[in-house]
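Asker: Here are the chains, one letter per residue:
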Amino acid sequence: MDNLLNSEQLSKNEIEEILQKAESFLNYRGDDLKGKVLAALFYEPSTRTRLSFETAMHRLGGSVISVTDVGASSIAKGESLDDTARVVSRFADVIAVRHPDAGSAHIFADNSEVPVINAGDGAGQHPTQALLDMFTIQKEIGKFDGLKVVMTGDLRYGRCPNSLAYMLANYDVEFVFVSPPELKMKPEVKEFLDEKGIKFEETEDFKEGIKDADVLYCTRIQQERFADSQEYENLKDVYILNKKLVEELCPNAIIMHPLPRVHEISHDVDEMENAKYFKQVEYGVAVRMALLTLLT
Amino acid sequence: MDNLLNSEQLSKNEIEEILQKAESFLNYRGDDLKGKVLAALFYEPSTRTRLSFETAMHRLGGSVISVTDVGASSIAKGESLDDTARVVSRFADVIAVRHPDAGSAHIFADNSEVPVINAGDGAGQHPTQALLDMFTIQKEIGKFDGLKVVMTGDLRYGRCPNSLAYMLANYDVEFVFVSPPELKMKPEVKEFLDEKGIKFEETEDFKEGIKDADVLYCTRIQQERFADSQEYENLKDVYILNKKLVEELCPNAIIMHPLPRVHEISHDVDEMENAKYFKQVEYGVAVRMALLTLLT
Amino acid sequence: MDNLLNSEQLSKNEIEEILQKAESFLNYRGDDLKGKVLAALFYEPSTRTRLSFETAMHRLGGSVISVTDVGASSIAKGESLDDTARVVSRFADVIAVRHPDAGSAHIFADNSEVPVINAGDGAGQHPTQALLDMFTIQKEIGKFDGLKVVMTGDLRYGRCPNSLAYMLANYDVEFVFVSPPELKMKPEVKEFLDEKGIKFEETEDFKEGIKDADVLYCTRIQQERFADSQEYENLKDVYILNKKLVEELCPNAIIMHPLPRVHEISHDVDEMENAKYFKQVEYGVAVRMALLTLLT
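Residue numbers (the numbering used here), protein chains in the order written: chain D, 1 to 296; chain X, 297 to 592; chain U, 593 to 888.
What the hints contain is simulated information worked out from the structure, not anything from laboratory work. Wrong hints could be hidden among the right ones.
Said to hold, decoys possible - Capping the alpha-carbon separation at 25 Å, the derived lysine to any residue pairs in SDA-like fashion look like this: (1) D:Lys279 <-> D:Asp145; (2) D:Lys34 <-> U:Asp624; (3) D:Lys236 <-> D:Leu249; (4) U:Lys871 <-> D:Thr296; (5) D:Lys236 <-> X:Asp378; (6) U:Lys731 <-> U:Pro852; (7) U:Lys799 <-> U:Glu766; (8) X:Lys330 <-> D:Leu295; (9) X:Lys503 <-> X:Ala571; (10) U:Lys828 <-> D:Asp82; (11) U:Lys740 <-> U:Gln730; (12) X:Lys480 <-> X:Pro556; (13) X:Lys435 <-> U:Asn703; (14) D:Lys243 <-> X:Glu375; (15) D:Lys148 <-> D:Lys186; (16) X:Lys575 <-> U:Glu705.
Please build the complete structure, drawing on both the sequences and the hints.
Answerer: Next up, the structure:
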């Protein structure tokens with residue numbers, strides 16, 4: 001693996017190699033990457049993802065150089081992404097890049113002298129999130145085959161549900177996509193699943209959709225996606241998971257969320273054994289440690 | 297000690313343990329915290345405090361992850377402080393948090409998996425500044441009992457004077473609070489001192505107030521505290537310490553200031569043996585090294 | 593050497609000592625500066641220079657504390673540069689400072705307890721860029737004496753051409769300064785060269801000027817330098833280097849640029865053996881590693 005740019009590039013074997021490596025890095029601190037430098041280039045804010053990468057690098061004894069504000073970077077002076085990639089790859093041993101434009105991670109990879117990890121590229125993908133989601137499922141359920149995976153919320157613009165769907169398509173899973181019509185799962189993902197012979201259903205009915213889930217993957221619905229703010233207000237109240245719903249409809253589900261969570265999971269769920277969204281954060285560091293060692 | 301949130305939480309013994317530990321860290325460089333990560337979360341700007349914590353961590357061989365701009369953080373996406381604490385405590389081994397709201401450090405501590413240090417919470421407290429102020433007095437005078445401690449400037453909104461007053465109240469000291477009427481020491485601090493049986497005087501007369509001080513703790517008066525800008529202009533010129541005043545009124549005082557200093561200490565004081573405000577910066581690193589090792 | 597503030601301060605011997613040291617740091621990773629802290633204070637944005645310094649420090653096993661946004665620093669509270677230097681030098685073992693005002697690095701050095709490196713001070717100098725430019729010429733050509741060095745673009749406001757000219761003036765070189773009349777080389781540099789007996793020509797004719805160059809040092813022409821935007825538009829198209837021009841006019845030249853590059857070197861030059869502007873970035877890290885070890 002030279003770069004990690006999207007979920008589809010990884011074979012089942014590669015996914016499992018990464019997850020196995022991640023297992024060995026839970027609570028690990030070492031000098032594996034001593035002398036190496038990670039460049040964390042965040043062209044749009046993402047505190048959690050940036051801190052996760054930086055923590056991963058530090059726990060392996062490596063160093064970090066970061067760019068967090070576009071305003072303060074050469075981009076303000078009109079430098080192209082190509083040139084920035086050429087320059088930064090003279091400093092770093094590996095680059096993690098978050099950028100608002102889909103495809104930007106590929107431009108970076110094409111011009112970099114060192115491996116590039118896509119840390120989220122606009123409406124594109126977020127493959128390290130997908131890997132940490134996979135790791136969470138493996139750690140908390142222990143298998144992928146036979147699972148009913150329900151994804152709720154914004155499946156159209158969110159990078160996380162589609163990146164995870166591509167990755168889970170390597171296994172014998174069954175999807176339910178629960179969203180308002182405006183935010184239905186991207187057509188290219190559904191085509192991909194069809195080709196792979198993976199079953200999926202789509203519904204707008206939140207209660208019906210989450211029933212008997214093994215994995216319940218919730219995402220945030222953002223007001224700015226709706227032309228009509230009243231429509232948002234109505235939906236907002238429908239797509240909220242609470243303790244009662246979990247107990248009634250999917251008592252055995254693990255509940256995941258890429259965070260930040262706003263209203264879509266009520267706080268009474270936090271104390272339930274089912275809630276795994278903070279565990280995901282912990283697992284994410286181990287997964288990124290695995291990737292950093294595999295790529296450098 | 298699980299967290300350091302305010303001055304009152306520390307017993308005299310705990311204060312002395314920290315100061316003793318700080319003594320051993322003056323000019324120290326080591327690997328005591330190798331593999332550990334400090335999260336420096338600065339929800340409002342404070343270059344000096346942030347760099348002091350980061351330096352302390354680095355001198356102990358540890359690593360740092362930082363958030364310096366709220367605009368670029370998840371908070372922009374509406375995440376609650378609770379959730380941010382839950383998330384960041386999955387990355388870090390200890391958290392230093394600066395936040396504009398009093399009480400926010402407590403919210404952080406309640407939701408964190410790791411120790412939290414209050415690095416200043418709005419109109420609340422700044423206990424690490426108080427500890428470095430204590431350390432400065434110990435290093436430069438050698439005792440607390442019997443001292444006349446004069447505090448000048450903004451005693452109402454400043455976090456530093458009250459945090460230090462609470463801590464010094466463990467000793468047999470005597471306070472003089474010198475400030476314009478708008479900026480008098482907080483009532484709760486005065487009640488606390490009364491309960492502890494610590495003597496204090498209040499005055500608006502700068503020259504009278506600073507007379508015979510052993511410790512002269514100056515703070516900045518901010519224009520934005522005054523409705524009437526003329527009133528500020530008048531006061532500004534009264535509450536200025538200069539060399540001549542020190543020589544005449546308190547020739548044996550050590551002069552302290554939490555910095556940044558603007559006009560309130562004139563530059564001719566800088567060269568005097570009495571001036572300790574840059575020494576405080578140096579001592580601050582040792583104190584924070586002590587805290588980081590005691591808490592992790 | 594206590595500080596590095598400008599090009600003229602360095603003797604030929606000192607320059608050569610730095611370049612020799614840089615040679616030993618190409619691709620080096622070590623613990624030479626373990627326990628030491630670099631403060632990177634960037635009062636104006638300069639991603640490339642900041643990341644280069646930070647990378648250099650990390651490759652030597654040292655740590656970094658950074659200030660990248662003036663808005664978030666004590667400066668916002670009115671602290672003087674003097675006081676900031678006094679404070680930061682209590683944290684760091686060496687300071688690299690970028691500031692919009694010429695002379696600010698000197699103010700820093702006068703008030704710092706530790707060595708200060710000028711990382712660019714407004715219309716002043718950028719001596720570490722000059723050293724990395726020298727190192728590039730040495731690595732790629734192998735000598736300075738006898739070279740025809742052509743500088744193009746903005747020679748009046750750019751810090752890089754003048755900082756390099758001062759340094760090359762230690763050798764038997766010949767300059768051609770190619771620029772529009774508004775952007776001619778600073779008079780003080782030309783006086784300096786006259787005193788040193790270094791030959792230079794000035795021309796507005798781009799094609800004539802670059803003929804037979806051994807070193808072709810291109811810089812960006814910024815629109816904001818022109819009162820009349822049409823004048824800028826005309827010039828912009830004239831001062832563009834492309835593959836055809838290199839092949840015809842200076843086939844043996846090494847082509848350098850301090851970056852970021854916008855339109856002034858067309859992308860078909862990138863693939864040519866002559867192009868060294870990304871090599872410069874690589875060499876810059878080694879040069880800064882040399883400086884950091886020599887100064888701390």
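Asker: Please work out if lysine 236 (chain D) and aspartate 378 (chain X) have their alpha carbons no farther apart than 25 Å.
Answerer: 21 Å, holds
Asker: Below or equal to 25 Å on CA atoms is what counts here, so check lysine 828 (chain U) against aspartate 82 (chain D).
Answerer: Holds, because 21 Å separates the two Cα atoms, which is no more than 25 Å.
Asker: Is the Cα-Cα distance between lysine 435 (chain X) and asparagine 703 (chain U) 25 Å or less?
Answerer: Measuring from Cα to Cα gives roughly 24 Å; hence the hint holds.
Asker: Straight-line Cα separation of lysine 740 (chain U) and glutamine 730 (chain U) no greater than 25 Å?
Answerer: 14 Å, holds
Asker: So if I understand the rule, the pair passes when the alpha-carbon distance is 25 Å or less; does lysine 731 (chain U) with proline 852 (chain U) pass?
Answerer: 22 Å, holds
Asker: Keeping to a limit of 25 Å between CA atoms, is the pair of lysine 871 (chain U) and threonine 296 (chain D) held or broken?
Answerer: Since the Cα atoms of lysine 871 (chain U) and threonine 296 (chain D) sit roughly 21 Å apart, the hinted pair holds (cutoff 25 Å).
Asker: Hey, lysine 279 (chain D) versus aspartate 145 (chain D), does the alpha-carbon distance stay inside 25 Å?
Answerer: OK: lysine 279 (chain D) and aspartate 145 (chain D) at ~22 Å, within 25 Å.
Asker: Below or equal to 25 Å on CA atoms is what counts here, so check lysine 575 (chain X) against glutamate 705 (chain U).
Answerer: 12 Å, holds
Asker: Would the hint linking lysine 236 (chain D) and leucine 249 (chain D) be met if the CA-CA limit is 25 Å?
Answerer: 19 Å, holds
Asker: Are the Cα positions of lysine 503 (chain X) and alanine 571 (chain X) separated by 25 Å at most?
Answerer: Status holds; Cα separation ~18 Å.
Asker: Is lysine 330 (chain X) close enough to leucine 295 (chain D), meaning Cα to Cα at most 25 Å?
Answerer: Holds, because 24 Å separates the two Cα atoms, which is no more than 25 Å.
Asker: Please verify whether lysine 148 (chain D) and lysine 186 (chain D) have alpha carbons no more than 25 Å apart.
Answerer: Distance of about 19 Å is within 25 Å: holds.
Comparing the model with each earlier hint shows no violations; every hint is respected.
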